[in-house]
Every structure is written in C-alpha cells, then in structure tokens.
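Got chain G; can you put chain Z on it based on the hints?
First to last, the protein sequences are chains G and Z.
Residue numbers for the first sequence, in UniProt numbering: 1 to 339.
Residue numbers for the second sequence, in UniProt numbering: 1 to 339.
One or more of the hints may lead you astray.
Note: identical chains are not told apart, hence a pair may lie in one copy or across any two.
Claimed, not checked - 25 Å max Cα-Cα, derived BS3-like pairs, lysine-lysine:
#1 K306 x K331
#2 K75 x K8
#3 K6 x K51
#4 K75 x K270
#5 K270 x K8
#6 K306 x K175
FYI, nobody ran anything at the bench for these hints, they're computed from the structure.
Everything numeric in this text was worked out from a predicted model, so none of it was measured.
2 protein chains.
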Amino acid sequence: MDIPTKMKGLALLEDGYANAPATQELTNLAPYVELREMDVPQPGPGLALIKVARAAVNPSDIAFIKGVYGQSRVKDQAAGFEGTGTVVAGDTPLLGQRVSFFAAGSGSWAEYCLAPIPMLIPLRPDLRDEDAAGLIVNPLTAMAMFDIAREDGADSFVVTAAGSQLGKFLIGLGKDHGIGALAVIRREAQAEALRALGAADVLVTEGEGLEERLTELFEVHAPRILLDAVGDQISADLFFAMPERARWIIYGRLSPTPPTLAQLPQFIFKQKQIEGFWLASWLRNTPPEKIGAVIAEAQARFAEGKWHTDITASVRLDNALAELPAAYSQKDSKVLIEP
Amino acid sequence: MDIPTKMKGLALLEDGYANAPATQELTNLAPYVELREMDVPQPGPGLALIKVARAAVNPSDIAFIKGVYGQSRVKDQAAGFEGTGTVVAGDTPLLGQRVSFFAAGSGSWAEYCLAPIPMLIPLRPDLRDEDAAGLIVNPLTAMAMFDIAREDGADSFVVTAAGSQLGKFLIGLGKDHGIGALAVIRREAQAEALRALGAADVLVTEGEGLEERLTELFEVHAPRILLDAVGDQISADLFFAMPERARWIIYGRLSPTPPTLAQLPQFIFKQKQIEGFWLASWLRNTPPEKIGAVIAEAQARFAEGKWHTDITASVRLDNALAELPAAYSQKDSKVLIEP
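Pulled out of the complex, with its shape left as it was, chain G reads as follows (with noise of 0.2 Å):
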C-alpha cells in the first residue's frame, strides 16, 4: 500500500499530567492540541498502522488531553484514543481489513494510528462506521459495569448521566437482561427518551421533592449499583440513599464540585463502598478469550439494532479546533472526528 511519510494530526501541546484538578467539560481545544503536520508513526513489534476513518472523542480524550486522565501525555504525539479504520501496514493477517482499534503510541486525531496487534477489532460488514469508531471505550465500559449490576444479584441499578451514550447503553443492556436500570439525569425533557430506551425508572433530580422522590424510589427498587460519572453532591446523596451493602461505582467525573461524605457511619453499619472503575484496569485483568466474547457480543448489538450511536457531528481534523467544543459541547450524543 503506498503509505505517506507526512500526515496531518491534532497533536499534544503538554507532557505529563496537569497541576490541577480538572472535569471533562470542553470549551477550547487550542491549550491542549494544535493541529500540525507531523511524520506518519512508524508500527514497533506487535504494533498495526491504521489508516484512520473516524476516530471517537470520549471524555477520557477529553481528561486526557487535559492531562487528567490516568495516563501519562506525550508531548507531540496525536491525541485520540480510539476509532476506526484499515490496517495498513504491520505483522497482522488483518492487512487490508477495516477494524475497530485502541491506539497506543500515538493518538486517533489524526490521518494514521500505531494500535496493538491483539487488540485490533475485524469488523461485521454490517457494522456502521459511525458504531465502529466508538466500538471499544462505551460499549466495553458499559458491558462491564453492567456485569458488575449483575452479579450484584438485585433487580435493578442506578445509573446517573444517563443521556449520555455509555448511559443509554446501560439502559439497553438492563432491558434485555431484565435488571432495570433507573436513569438519573438533570432536566425532564430527556425522560421520554429513556423510558422509550427502557430504562426501568427515571428520577429528575431538577425540581421539587428531590429528597422524597429518591426515597421512595429506592423504596420500591432497592438498588444496590450506582455507576456515576458525575460525582458530585446528589450522587453521594443517591449514594446515601440506597439500602444496605450498596456500592458507589465512580467511572468519571463530570461535576467539578467535590461531594461530601455527611453520612460516614453508613459505611460501617450498612457496608456501603465506594469504589471506581476503569477500562484500563478492566483489560488488564480480564482473560483475553473473555474480553473477546464482551466485544463480539458488543458488535451484535450494534449490528442487531440493540445499540445506536447517537451521533452529533462528524468534525473534519482540519476544523476541529474551531468546531469540536461546540460540537462536544451538545449533551449526550456523540462527536467523531473525520481526518
């Protein structure tokens, strides 16, 4: 395949990680990416070059570039950390194959992509593009956490951010293993949606009687699970709300007002947990043959229906930093990044 030297890509201003905490809101990309003609990355043992079709933008691209994410920047790389594309070059019978892919060692904002080997997704052809580029870090995450309600062994769980993408898998996923989820999100207009979606339940937390509402919901459901990307002060009184042995998933952190733990002998008397969780750690832990089977079935449901990408915009490279926050910016779908 005839492979440039020189590409475009959005590349990392900063190494390391930031002084400061940060949350995963985005309203300027030009302190942390610029967009830059760069050399095409060069595939190590183990690694594919990926021609890049669409590369998702995730929160954790966005904590990461921020350099807040659990993992450390690189000055000069792209930024990106999933997509998809074709294998161009590399020690892989999948040369010439469209996949899914997790990059590593340089980033998907950009028209190439270094991705490891075993990790490169062959694609059902009749997978969407628009599925395929954010086939890896929402559907995983979802599918893992949502095991993790499961083997809880309740019949339901709480879900907060539930408009957004990973949320609205969450709630599918309930649906059709019969473990409901209850949607927590801001505003009423997104209510509809969900129960349409199936979520089992729906508590807006704007608006009169917050306190009793929960109560009562928990009440008649009690949840055990909370998965909470927001972490701020009405997850940990969802948290505190919620009977015996319940457990406080922490995935991201949306809000930038630290909550506060007015109910400590919970943990004690009603072995409540806190804990988090991340994909990173996920893969790292889990059998290879295991994660095979989470990403199988994550492409069935996709290609079955089960699953829609809700997708905002498709912003060019070569726009991104004018358009993308704005972009980003619309709650609860998606935005991909086209080279």
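For chain Z alone, coordinates are given in the frame of chain G:
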C-alpha cells in the same frame, strides 16, 4: 445461687435511632440513660445470666445510647455492650465461672446482665479484671482489622486516633508481626509513648507542613491500609496521599465534620476504595473456630503483657451519671463501670 429479683442499672430513655447524626463524644449522660431499680432479667433459651463485676465503656456504647449505632435501642433496657463477671444462671457448663461476655437483651451497665451462651469466654486465671472487662470489642476489632492489613501484603498500615486503646493494640500487633503501624495523632505529647509501644513512625497532625510531612512518610512506607476512627478531612487527606490501591477503612466517627472527596479520579485511576469495618458484621461472617482462636490469642496477649488496658477510672454504677462524662473525656484510655 442466691439471685435477687431487683437490681440497679443504667436504663435507656429512648427507643430506636436518633433523628440526627451525632459523634461519639460524651458531655452528659442524662439525656440518654437513668439510674433505676429494675427487674433482674430472666435468661431465656441460649442465654446466661451474669453477675457483672466490671463493664466496659466503649465509643460504640456512647454511639448506641445516643441512637447512632447500627443497632436499635430498646427503652428501659440497661445499656452497655460488654463486661466481665460470673455466670449465675443459664444452661451452660460455665455456671459459676468467671467469663468475659457480650450482652444481649439487657446491658452490662447493671448489676446483672444477659449474654448469649455461645459467646461466653471462660477466662485464664492470670487475666486481670481490667483486661477481661474489655476483652471483646477492642481486642477483636484490633485483631480483625490487623488481619486486613496483614492480608494486604504491604509492610505498614496507617492508624488514626492512634493513642486510643484500640490504636495501641494495633501498634502492638504491628510491632510483633513486623508490619509497622504509622500512628496518626493530633498532638506531639503522645508521640514518644507510641514510639515506645512499637509504632513504625508517628505523624502529628498539629503543626506546620502537614502535607509535606505526610507525603514524605508515605513515600518511605507506601502503606495501602488506613484504619480510621475519626472520619474528618485529615483522614481524607491521608487517604488521597496514599499510593495506588489504598483502602480507607472507617470503623468509628470521632469527628463531627464530614470530609470532602476532593480527588475523585483516584477511585478510577488509582483503584482506591472506601469501606467500613463493624465487629458485629465480622462476628456474623467469621467461622466460630476462627473467632475462638482470635479470642484465645487476645487473652494470651494480655496475660503475657503484650497488651495492657490502661484504665483511667473505674466508676461506680451509683456515680456514673455524675462521674462518667468527665472520666470518659480523658482521651486515650479506658473507663469501666463497677456495679
């Protein structure tokens, strides 16, 4: 044996739980218990009647009488969870013997008390009454929590309120098993005594440069277990300064000021956790032979001088309302009640 029908005891004035949170501080007993002549309780099946020699006054007793412990109050019953005395009635071969006991159905702050027969602990003759009165709550909590630190595999652990009786027991266990306790205390005055007991290091939270000092301490020792009876912002700061996979284990709540979780992403990227420890849960979930072994080890530690209960005061039942709060407020040692 000649058992009277009436006795003196400190009877609970309230049923159930308190409506508002409260700490384990004690300024006045009068809102919670009163000295009263009451019926000597009758032992039903599985229960023994104990003539109380000495009863312990633990933070859990204070939380209980205030209605903020994990067990509901029963109005007009005597308070008090544990003590030592002689078995005077009940279907047990221990009749007439000196035992340590955990009260059930009527409390130990009285001349007579009921206790479950399977949990009666026959005492070695060389065990002092002062140690026997508090043989269950603090020693078993210390040994069970020390097991958590031992299983963690690190070579040190952090203990707050380290000058407390329980803190001192943990320091002694750490010293004898080569897993050093990092003793956190408020004031420098106690530091020397805790070093002498075998603390691997002492952190005084009063004074300049706490953040630097704790960062340095944790760089040297890298502890992953925080055994915490305080639950204030300093506890949270310790937790967030600890390395990856740190577990904040809350077993008491001395502080009235709830902590704020300023570094939420650590749950995700550093796999940190908050959980609780409650002896009542541990007793329910631990096989009886293991509990028996732990109790035997606790007795041996006292008898061999590896542990020593420092008694501040032994207050007469008649004088408890007047004298107990002041005696109890002398930090870091133990108050007993003598009928």
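Identical-chain pair category, K75 with K8, by Cα at 25 Å: within (16 Å within a copy, 76 Å between copies)
25 Å Cα threshold - placement of K8 relative to K270: Cα proximity of K270 and K8: none, with 54 Å in one copy and 34 Å across.
Alpha-carbon proximity between K306 and K331, which holds within one copy, between copies, both or neither at 25 Å: Cα proximity of K306 and K331: one copy only (21 Å, versus 61 Å across).
Intra- versus inter-subunit Cα pairing at 25 Å for K75 with K270: Close across copies (23 Å), not inside one copy (46 Å); limit 25 Å.
Intra- versus inter-subunit Cα pairing at 25 Å for K6 with K51: Answer is within; shortest intra-copy Cα gap is 13 Å, inter-copy 89 Å.
25 Å Cα threshold - placement of K175 relative to K306: within (10 Å within a copy, 58 Å between copies)
When each numbered hint is compared with the structure, a violation occurs for hint 5 only.
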